Amino acid sequence: MQAKMLHFVRRFDSASPLLGRIGNLEVRLARNAAEVKAAQQLRYHVFYEEMSAQPSKLQRMTRRDRDSFDRYCDHLLVIDNDRTGAIGDRIVGTYRLMQGDRAALAGGFYTAQEFDIAPMLARHKGRRFLELGRSCVLKDYRGKRTVELLWQGIWAYVLRHDIDVLFGCASLSGTDAKALAAPLAFLQANAAAPAEWRVRAHAHCGTFFDTAADTDPRRALAVLPPLLKGYLRLGGYVGEGAVVDHQFGTTDVLIVLPRENINPRYVGYYGADAGRFAA
547 MQAKMLHFVR
557 RFDSASPLLG
567 RIGNLEVRLA
577 RNAAEVKAAQ
587 QLRYHVFYEE
597 MSAQPSKLQR
607 MTRRDRDSFD
617 RYCDHLLVID
627 NDRTGAIGDR
637 IVGTYRLMQG
647 DRAALAGGFY
657 TAQEFDIAPM
667 LARHKGRRFL
677 ELGRSCVLKD
687 YRGKRTVELL
697 WQGIWAYVLR
707 HDIDVLFGCA
717 SLSGTDAKAL
727 AAPLAFLQAN
737 AAAPAEWRVR
747 AHAHCGTFFD
757 TAADTDPRRA
767 LAVLPPLLKG
777 YLRLGGYVGE
787 GAVVDHQFGT
797 TDVLIVLPRE
807 NINPRYVGYY
817 GADAGRFAA
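For reference, each letter of the sequence shown is one residue, going 547 to 825 in the numbering used here.
A hint or two may mislead.
Calculated lysine to any residue pairs in the SDA-like style (CA-CA distance at most 20 Å, straight line) [unchecked claim]:
1. K775 - R765
2. K671 - D647
3. K583 - S614
4. K724 - P771
5. K775 - S717
6. K690 - G814
Restraint ranges, calculated between C-beta atoms of paired labels, are given here [what the hints assert, rightly or not]:
7. T630 - T721: 35 to 43 Å
8. N570 - K724: 39 to 47 Å
9. P810 - T721: 36 to 44 Å
10. T630 - A650: 35 to 43 Å
11. A632 - A824: 22 to 30 Å
12. L773 - N570: 20 to 28 Å
13. P763 - A650: 19 to 27 Å
14. G821 - K724: 42 to 50 Å
15. Q600 - A650: 36 to 44 Å
16. K724 - D635: 40 to 48 Å
17. M597 - D819: 29 to 37 Å
18. G821 - L651: 27 to 35 Å
19. D686 - S719: 32 to 40 Å
20. Q659 - E596: 17 to 25 Å
Simulated from the structure, these hints should not be mistaken for lab results.
Note that this is a predicted model, so its numbers are computed, not measured.
Where is the CB? At the ideal position from N, CA and C, for every residue including glycine.
Could you build the full structure based on these sequences and the hints that come with them?
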């Protein structure tokens, strides 16, 4: 209880520095509860109004995508300084970040609801894990600059907190796992995690695919969303099985990205000190 109270007292840094800037866009962590609320409103707009997620009555009433994990996470924000109005009108992208010590306070990682990550965490005791989730960007900002700033922010955060492993769910649109069998089998055949990083979907909710299935690589890659392909280009692995998330209208796979796996080309691009787009 004392650790939780201390977390809530120290949860925000009102002077949290900029982590990067490109023109009128900047990236930093949320500095107060109002900015987290604005990020939740952005998530609601993207997930529930633009995409196919099904809101609860409370979510529909508050127009916020929120859950019990939000209080324990850092919230990365991309802000357009050319937009006017309150902070909620200027946030155009967000990512949710949760470190291992925060997950312990929250009762576990969000990902553990779908995938059995406990054996992986146990195999790498002492390593610092960072869970990535709830990534979304306003439709008009889904271009190179916004994505680069989000990754600039994540890389700067990884360096600042000496993170060893990044992981989290990546989603394919749709809940018909059979219709997605080809791209899912392609992922299992071409990006499966080795034994030391293997994670399996929980048996009660997972769907598993035959990696020997005859799939057309080009077609399979074309179906994969940009975020998932980005993780693979960075050097990420894919866990075993997929989980259908009916609330969000997606089928989720688990991505594991050990820091030492990150493609040197990307480290060089953003800078070993995250200085490429430093503010």
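Against the structure, the hints:
no. : hint                    : verdict
1   : K775 - R765             : holds (13 Å)
2   : K671 - D647             : holds (13 Å)
3   : K583 - S614             : holds (13 Å)
4   : K724 - P771             : holds (17 Å)
5   : K775 - S717             : holds (11 Å)
6   : K690 - G814             : holds (17 Å)
7   : T630 - T721: 35 to 43 Å : holds (39 Å)
8   : N570 - K724: 39 to 47 Å : holds (44 Å)
9   : P810 - T721: 36 to 44 Å : holds (37 Å)
10  : T630 - A650: 35 to 43 Å : holds (41 Å)
11  : A632 - A824: 22 to 30 Å : holds (27 Å)
12  : L773 - N570: 20 to 28 Å : holds (23 Å)
13  : P763 - A650: 19 to 27 Å : violated (40 Å)
14  : G821 - K724: 42 to 50 Å : holds (47 Å)
15  : Q600 - A650: 36 to 44 Å : violated (31 Å)
16  : K724 - D635: 40 to 48 Å : holds (42 Å)
17  : M597 - D819: 29 to 37 Å : holds (36 Å)
18  : G821 - L651: 27 to 35 Å : holds (32 Å)
19  : D686 - S719: 32 to 40 Å : violated (20 Å)
20  : Q659 - E596: 17 to 25 Å : holds (24 Å)
Hints 13, 15, 19 from the earlier list are contradicted by this structure; the remaining hints agree with it.
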